[in-house]
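Enquirer: Build the full structure now, drawing on both the sequences and the hints.
Here is how the chains run, residue by residue.
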Amino acid sequence: MKQFVQDLAKTNHFQATHLLHILRGVQSRYHYIPEQAIEQIADLLSISRTHIIGVVEFYSFFHLTPRGQYELYISDSITDHMLGKQSLTGYLSEKLHVGVGEVRQDGLVSLDNTSCTGMCDQGPAGLVNGYALTRLDRPRIDRITDLINQQTPLDQWPREFFKVDDNVIKPGLLLSQPIIQGSALQATFKRGLKETLTEIDISGLRGRGGAGYNTGWKCHLCYEGPEEDAFCDVATQNLPQRYVICNADEGEPGTFKDRVLLNSYAHQVFEGMTLCAAIIGAEQGFLYLRGEYLHLYEKLKSILEERRLAGLLGKNILNEGFNFDIEICLGAGAYICGEESALIESLEGKMGIPRNRPPYPVTHGYLGKPTVVNNVETFMAAANIAINGGDGFASIGTEKSKGTKILSICGDCSRPGIYEYPFGTSIQSVLNDCGASDVLGVQIGGPSGTFISNEEFDRQLAYEDLATGGSFIVFNNSRNILDIVNNFTHFFAHESCGFCTPCRVGTSLLKKQLDKIIEGHGSAGDVIALEEICQLVKNHSHCGLGQTAANPVLTTLARYPELYQSRLKKISYEPGFNLDGALETARRLAKRSDAGAHLAQVDYMDVEGRAAQGAVAEEEDS
Amino acid sequence: MANKIRVATTSLAGCFGCHMSFLDMDERILELAEVVEFDRSPLTDIEHCTRCDIGLIEGGVCNSENVHVLREFRKNCKILVAVGACAINGGLPAMRNFISLEECLSESYLDGIGIENGQIPNDPELPLLLDKVRPIHEVVKIDYFLPGCPPSADVFWKFLTDLIDGREPSLPYELVHYD
Amino acid sequence: MSKTITIDGSTIPFEDGQTIMEAATAASVYIPHLCHHPEYTPHGSCKLCTVKVNGRICSACTFPAIEGQDVLNNTKELTDDRQRITQMLFVEGNHLCPGCEKTGSCQLQAVAYHLNMLDNHFPLFYPKREVDASHPDVMIDHNRCIFCTLCVRASQEKDSKDVFAISGRGINKHLIVNAQSGLLKDTDLEATDHAAHICPTGAILIKRTGYQVPIGERIYDHEQIDQVSLAASGSRPIAALPPSLAVETEHHQHGE
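Protein chains in written order, with numbering that gives the first Met the number 0: chain F, 0 to 621; chain P, 0 to 178; chain Z, 0 to 255.
These are computed hints drawn from the structure, not numbers from a lab. Take every hint as true, because none was put in to throw you off.
Far from chain F by the CB rule (all over 10 Å, computed), these chain P residues:
| no. | residue |
| --- | --- |
| 1 | K3 |
| 2 | M19 |
| 3 | P41 |
The calculated DSS-like cross-link candidates involving lysine-lysine, where the alpha carbons are at most 30 Å apart (straight line), are:
| no. | chain 1 | residue 1 | chain 2 | residue 2 |
| --- | --- | --- | --- | --- |
| 4 | P | K77 | F | K569 |
| 5 | P | K131 | F | K568 |
| 6 | F | K399 | F | K537 |
Beta carbons are placed, not taken as given, at the ideal position from N, Cα and C, and that holds for glycine.
Expert: Here is the structure:
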């Protein structure tokens, strides 16, 4: 192990910023991060062991205790559930003789749930030792069980188990005209850097991750710095280092467009990053790829190499005297790293905890230097604009939302996959295209977005109406809204980074309160109590995760209040825990089963209710 | 007499310290007795509640009997008040929540030092223990909370006189204590 | 000449580089806080110092004061929300004040008193957490940790050590110490370290000092935390501040 860790650290230049790389290597080789490795890494990287433990315990794919030689995860996205995930996981658990969340006695295999793996168009999905498994079904699970029990190496497993389809169904402006390698950069240098930035300004391009910040402004701010910034460190202000980061931590459940863009349009994405770097004067870029997309890693690395050979990356790009290179960094299972400042922290080899703002990443980003962070699709659009100019792009879409939006459509529709639409397209026309019928509602923008009912399908895809990073999940009338809300609410509680009180505690309280209502233990005040927690989490959380974590409840409560009310008992109060169940241990130990050894969940009515009925005190029942 | 405010009190998983503190209001209790009549309470030895205006509950919920008593109070009292740390958050009895009930009972009745022929009590007369000690607001709806271990006599006085005089009860800073 | 903001309608001067919290404190305006300490890098995690700046919710301890800001601090809405956030901290851990030697000099408790918190409002989590009493002079009771990171910052910024860290994610966050054994005794923490004295709750305690001042005579038994806090930052005098309880004072002395 010593040599292995030594080599790994050396490959990573003994840089603390590469901690995640190193830990991924150790986890992959030993299926956990052994104490011995922690000590050694701390020593080699000159960081504290607590730093390493903090990182290990933060990311879902790192473990301090051994996992199986085959680490299996099943995607817990609502779409996986709709495709029968629950029963498949049960089947898998039974076949492999390993409980969910456990490691089998012989240490060969471990099984667990994981947040959406971005295969919603070809689920139920999972991961084995980090590699995506798609279209899981019982025959496939039978086969996987055999392969594991026979200890067949992954590279000898049938390739179709790992097959990931693009499913591009409706290409538009960007997807229908892939650019010729290098053409966007050539156009950029030919037109001039400033002039190209002007074209981006003209295009009105806004961030495609969902938040919709103006891409041109971001470049300007990064290049020029803010007019006044109370926290600006003069020492770093004058230094020329700037960074470009491509956010491919596509973790919003139901989103998988970046997976496709990076699989089939990677040149264009890298070209967008490169021209952005040229504009702002960055020499280093990063592609932060979510750990779940490990299957794309080698391919993307070879594309980068290809671009270096073609003079499109590296030293003296296109003989313009411009140096720029891109490094790919893999995440390790943390939705929060999609938040740009958390992503930067993660890139620096730390826990993905969102930073306090101001200062913003454009002035104080990676290693405190000005940094532009953009979504995969944004860079892709920038490359298109560099070639075709901003006018054409701006002529498409709405007043405030220019160009097109690439959607990942999944759920109850006959043609799940990738669709590209001009902004301003109505939800109804999207539903018509993807083959959705008998629709109950659509979740736009993933769990952090909005649930819209079937009375709102004339609404539009646009920042000013329904903003989305790309997630578009269709639900038909056979679905239960509270099941959906429950899945999303548990997701947020699981993914909260825990930094701030309202999100750390609030998302857990929200989960408990929603469970209470869904399980039928809610009474008169419980929906109000639920709403109160929602407002606290939404208003007071530190970052976007917490600020949107209550959206599943809030957006459905606004539309279907009766759905929540109907779950409530017509009494003033009911305990939130199972009273009789709380006696189970004592009953068993005392070997009692008499009536006095049990408790009813509710057996009283409030004073007001009784008074109204003129009732008298009931007999004491003990 | 008929217009007197009826108050019931009880101690669940508590130490009666809150009741002792209540009595610390000394001669003011005579003043209180002018307008208040006690129903079920350790102070009166009345065993069951009739209809009351105010119920004061000391202690958390640790066993099935506590649940029954608490429900009887909720059923009969217009206003139910959690009195003291144990009623509010389980208090010191809740420190057993960090040890499994099975371990607790084994240590006490089976494996503890000096135990011979140990047996876990199983008389049906004995209430069974809940796996965790709970604050009372997790079992029934509670209208007011008087923190403190115990709340001082002044807290009881302030709270009751506020209610009696028709004011919304409130505790000034100096009366709010958790210890 | 000097720049100003308004807090609850009062005009408050500030200097460039100051946060809203710093400007407020300098002007003797108390904004409730737990993870903030004037001597350490702001953290912004407890969210008790939530204020409304020009209608937008911000953390006063990290948000810069900027000319013309209209800050709301002492409103019923904010006080209610701060009380709920405090209640979240109480239910998340195991805060059994009657059995805690920090009672009366605990800032979590004092903030709750200040906000007139009478109950926990939410269901309690009763998490199972450990006590580390391995160190000869200092103990950690994890039941009371609120993840404010003051000990982490104090150890790094003042003691030039790196004894503490917060590990884990979400509701599973926990305090860890820098030793292979995971025990405090195997770290280089000394009872004279700032980090050993900075805890706003009873999570990190100096052994054998807990009852030097009897319960009932402790700092928050007599003074509200707003007064104590402002006095500690030098902007307001305070009557009596027992030295062993001067949790917020600038001079941390051990073993008194």
